[in-house]
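Q: Here is how the chains run, residue by residue.
Protein chains: 2
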Amino acid sequence: MQAFPPSFQRLVHELSRLPSIGEKSATRLAYFILRQEGDLGAKLASAIQQACSQIRLCETCFFLSESEKCRFCSDPGRDEHLICVVEKPMDIIAFERMGEFRGLYHVLHGLWAPLRGQGPESMKLRELLERVEKGEIEEVILATSSTVEGDATALYIAKLLSERGIVSSRLAQGIPKGGELEYSDEVTLSRALSGRSRIDS
Amino acid sequence: MQAFPPSFQRLVHELSRLPSIGEKSATRLAYFILRQEGDLGAKLASAIQQACSQIRLCETCFFLSESEKCRFCSDPGRDEHLICVVEKPMDIIAFERMGEFRGLYHVLHGLWAPLRGQGPESMKLRELLERVEKGEIEEVILATSSTVEGDATALYIAKLLSERGIVSSRLAQGIPKGGELEYSDEVTLSRALSGRSRIDS
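Chain order of the listed sequences is Y and Z.
The opening position of the first sequence corresponds to residue 6 in this note's numbering, with each subsequent residue numbered one higher.
The opening position of the second sequence corresponds to residue 6 in this note's numbering, with each subsequent residue numbered one higher.
This is chain Y alone, in the form it adopts within the complex:
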């Protein structure tokens, strides 16, 4: 690395701070950016600067937005009595791709992960509680991932919500569409069994 010019080394260093990009990948990316004769580099740099300066978090739901309210919170056609709580902005994209949910969202930007030193204050939880205390919320769907940390976070929030008299729910767990029974793990199968639904013919 010492043999590269300083500005190249600096670019490699900054790129390798990105998640899942080590020094080797960063070197390859830096060389690729330079070989594109300035076009990709200039566009990428300006896209980063523009995104960093223009994007903030929606002051209600904390989704990414370029104005005070995001596209969901400023949409009068959305049902404001129903809130879906997710970990990351990307999770909302999955919900919107499905296209059946008409409520509002709340992005935690984190999970309760004591093993990684992340307590409840590392997520937008206080803001969620203030929101449900202010509004007329009928149900909060706790749509964190079905992992240990996602489950723990959901249970923790559900308890705080029930103390405030708010109904909360969790997404159903079971066999994914296209999933083969043979390869299902025991926890998934157990939850699919206990959550089975009657076939009305």
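One or more hints might be untrue.
Here are the simulated DSS-like pairs of lysine-lysine, each with C-alpha atoms no more than 30 Å apart in a straight line [said to hold, decoys possible]:
#1 Y/LYS48 <-> Z/LYS29
#2 Z/LYS129 <-> Z/LYS164
#3 Y/LYS29 <-> Z/LYS29
#4 Z/LYS29 <-> Y/LYS93
#5 Y/LYS74 <-> Y/LYS48
#6 Y/LYS182 <-> Z/LYS139
#7 Z/LYS164 <-> Y/LYS48
#8 Y/LYS74 <-> Z/LYS139
#9 Z/LYS182 <-> Y/LYS29
#10 Y/LYS48 <-> Z/LYS48
#11 Y/LYS129 <-> Z/LYS48
#12 Z/LYS139 <-> Y/LYS29
#13 Z/LYS139 <-> Z/LYS164
#14 Y/LYS48 <-> Z/LYS129
#15 Y/LYS74 <-> Z/LYS29
#16 Y/LYS129 <-> Z/LYS139
No wet-lab data here; the hints were simulated from the structure.
Using the hints provided, position chain Z relative to the given structure of chain Y.
A: For chain Z alone, kept in the frame of chain Y given last:
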């Protein structure tokens, strides 16, 4: 993706133009850059701009450099009668890590890859020929990778060099250090056998 603000979508688009980064990874990287509260984003953008504006190719060997001549070509301690030809700047780092080579380099910035539509003009070959015709070169080491394209490129260049009366050589092929014989492929083993050296005891 449509649900994200435009400047976020643009950042994802630019990031996904990088090699081996798809839309999903690009979205994760963009979110990571934004969550670092401006610091990483600002530094990364400025590192890209600085590298793009300051780095050019050495006018002799085409290694990355911030001035007309790179650190190797401007080092009087290097043996200018010996040139090692490589595909990419990163290959030079491997040579320098070894630390035994004291000659100069020549970076092709490409290989002869007809299947990918890259002819001899896609690499810095004309410049290599001009260089050996001008200087007093004793040997050119063709250190392209040991792949089909790397071998073809080396053979092609060797022919052009021999027409000009220049001796060229190729790195030895054989079992890598630590490599187990059991897992060696037949081509490697065949080359290791034909290139065997006598043990003088």
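Q: The structure should be examined with respect to each hint, and the outcome stated for every one.
A: Verification of the hints:
1. Y/LYS48 <-> Z/LYS29: Within the cut-off at roughly 20 Å; holds.
2. Z/LYS129 <-> Z/LYS164: holds (16 Å)
3. Y/LYS29 <-> Z/LYS29: holds (21 Å)
4. Z/LYS29 <-> Y/LYS93: Measuring from Cα to Cα gives roughly 13 Å; hence the hint holds.
5. Y/LYS74 <-> Y/LYS48: holds (27 Å)
6. Y/LYS182 <-> Z/LYS139: At roughly 68 Å apart (the allowed maximum being 30 Å), Z/LYS139 and Y/LYS182 break the hint.
7. Z/LYS164 <-> Y/LYS48: Violated. Z/LYS164 to Y/LYS48 sits at ~42 Å, over the 30 Å cutoff.
8. Y/LYS74 <-> Z/LYS139: Violated, at roughly 67 Å.
9. Z/LYS182 <-> Y/LYS29: holds (21 Å)
10. Y/LYS48 <-> Z/LYS48: holds (15 Å)
11. Y/LYS129 <-> Z/LYS48: holds (27 Å)
12. Z/LYS139 <-> Y/LYS29: Violated. Z/LYS139 to Y/LYS29 sits at ~36 Å, over the 30 Å cutoff.
13. Z/LYS139 <-> Z/LYS164: Within the cut-off at roughly 18 Å; holds.
14. Y/LYS48 <-> Z/LYS129: Holds: Y/LYS48 and Z/LYS129 sit about 27 Å apart, inside 30 Å.
15. Y/LYS74 <-> Z/LYS29: Holds, at roughly 25 Å.
16. Y/LYS129 <-> Z/LYS139: Not OK: Y/LYS129 and Z/LYS139 at ~68 Å, beyond 30 Å, violated.
Hints 6, 7, 8, 12 and 16, counting from the list given before, are not met by this structure.
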